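A.B. asks: So you can see what is in the structure, the chains are spelled out below.
There are 2 protein chains.
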Amino acid sequence: MILIDGKKVAAEMKLEIAAKVELMKKSSKKTPHLAAILVGHDGGSETYVAYKIKDCAEVGYKSSLFRFEDDVKEDALLNKVKELNEDDDIDGFIVQLPLPGHISEQKVIESIDPKKDVDGFHPENLGRMVIGLPSFVSATPFGIVELIKRYNIETSGRNCVILGRSNIVGRPLSILMSQKAVNATVTVAHSRTKNIKELCHSADILIAAIGVPGFVKGDMVSEGAVVIDVGTTRVKSDQTKSGWKLKGDVLFEEVADKCSYITPVPGGVGPMTRVSLLYNTLLASSGEIYK
Amino acid sequence: MILIDGKKVAAEMKLEIAAKVELMKKSSKKTPHLAAILVGHDGGSETYVAYKIKDCAEVGYKSSLFRFEDDVKEDALLNKVKELNEDDDIDGFIVQLPLPGHISEQKVIESIDPKKDVDGFHPENLGRMVIGLPSFVSATPFGIVELIKRYNIETSGRNCVILGRSNIVGRPLSILMSQKAVNATVTVAHSRTKNIKELCHSADILIAAIGVPGFVKGDMVSEGAVVIDVGTTRVKSDQTKSGWKLKGDVLFEEVADKCSYITPVPGGVGPMTRVSLLYNTLLASSGEIYK
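Same order as they appear, the protein sequences are chains A and L.
Note that the working numbering numbers the first sequence so that position 210 is 444, with each residue one more than the last.
Note that the working numbering numbers the second sequence so that position 35 is 269, with each residue one more than the last.
Note that these hints are calculated values from the structure, not bench results.
If you're wondering where the values come from, they're calculated on a predicted model, not measured in any experiment.
Please note that the accuracy of each hint is not assured.
Identical copies look the same in the list; a pair holds intra-copy or inter-copy alike.
Below, computed lysine to aspartate or glutamate pairings styled on EDC-like, alpha-carbon distance capped at 16 Å [unchecked claim]:
1) K296 / D322
2) K479 / D321
3) K479 / E246
4) K525 / E344
5) K428 / E388
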């Protein structure tokens, strides 16, 4: 069994990105610039945005943070988005979700210029991805495909079962895994799927993205399968300083020994998600998606 | 075995649309207006566009046809698209494909205002469909889902295998069939898929969209399955006046008796494709997709 080390791969990718930024600065005097919009003071959002800014600094990007209070009017936020769309110095930007209830997240996402939508949430980027055009792919699906590639895991013609059909993980991932570059035979399972145990058993590659801790048990996985665990549910723990720990969708202790490859939680898919945003920002900066 | 009569369902839908148009004309003096751009004189394209114009007349729509010669410059075509985008009298329009080699089809498609893209080919419409927002769905996937609905075929939790991953049929259909409104467990098979026979056997609903006449044979289908045949390959025939006939992807004579439902070719999916465009034009005219 090989433990897929997302932390190590993400660190490698960061070094690769930093090297490219160095070259870019020398040859074109250009520095990639990521901006983030943060509304309110939610603890999780604060942490995620702080990580993104730290990541930017580590690979040599410029970053900018624009903060709004919880009671910001939708119009004010949309104006900021418009301003960033038009600001030539900013290559890409994100609006940290969730937003307060009085603001339409979908409206905000759709107001972002697709060319700067480094989160890959705009329908135009999703649609381009579906038809195989260059696009910004959202962080988690991109990170997973990259992990599979970098571990040289055979995918062509292999059965891939994806548990979960969310708009930001299961659904886009199912499309990517099924396209010619990957060529897996993909099944998307969800809450209405029958015989889920047998289905999981048929998977050469099983990807769990449902947010139910320990859902995938030992008797659901075939000998030699590749198992990717996207779950990151916080559960209470008296073994950690913070009082909680992350639990994946896979019951690691039952499943790991049967696998050819498996991602741990934490340290598997998670670190890849962070580096994906850096990667998309580099693409935005070099104009490689929308030519 | 129930033969799914696409011709009959399409005729019913046309009557429903015509009734809505009558009401619309009375209440708001508005008449839906579909425009088509046709480049060159390809026989197939001429026929398809003529059908579309005839269909419009039958349900009471206005229609306009704009013709260009084969050697039209891309810019001239893009200008026409821009003009139709801005013409308030036109609710929706299509550019008949294929286009001559010197013109980028993708560029033309992306220049169409998504709000008037009644073919549903613009990435923004595809992306909106993926995340479950109202969108113009392309004709064949829409027509198939409508057939399944109107025959009250149970889909929730049932295994649906789709043969083919094309951008205009297999891929969008796989997304629609897997969404909450349909709730099937969907597998997309393609040229690299292994054990295709066993996979087809596992299908409660088998949808063939690969364009290989007679690919699905009797021993590939389970007793009681629903079989939808999207194939429409022209093959030579000395039994018809035209010298050819349409062949589906399913070997009807071997498969039909095992099915609970099956679509014939012709007269199954085909007629639904034509009515789908009318349906999308009505949606465009009433502003129900982009509010």
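A.B. asks: Could you run down the list of hints and mark each one as holding or not?
C.D. replies: Tested hints:
no., hint, verdict
1, K296 / D322, "within (13 Å within a copy, 44 Å between copies)"
2, K479 / D321, "neither (40 Å within a copy, 58 Å between copies)"
3, K479 / E246, "neither (26 Å within a copy, 58 Å between copies)"
4, K525 / E344, "between (20 Å within a copy, 13 Å between copies)"
5, K428 / E388, "between (28 Å within a copy, 14 Å between copies)"
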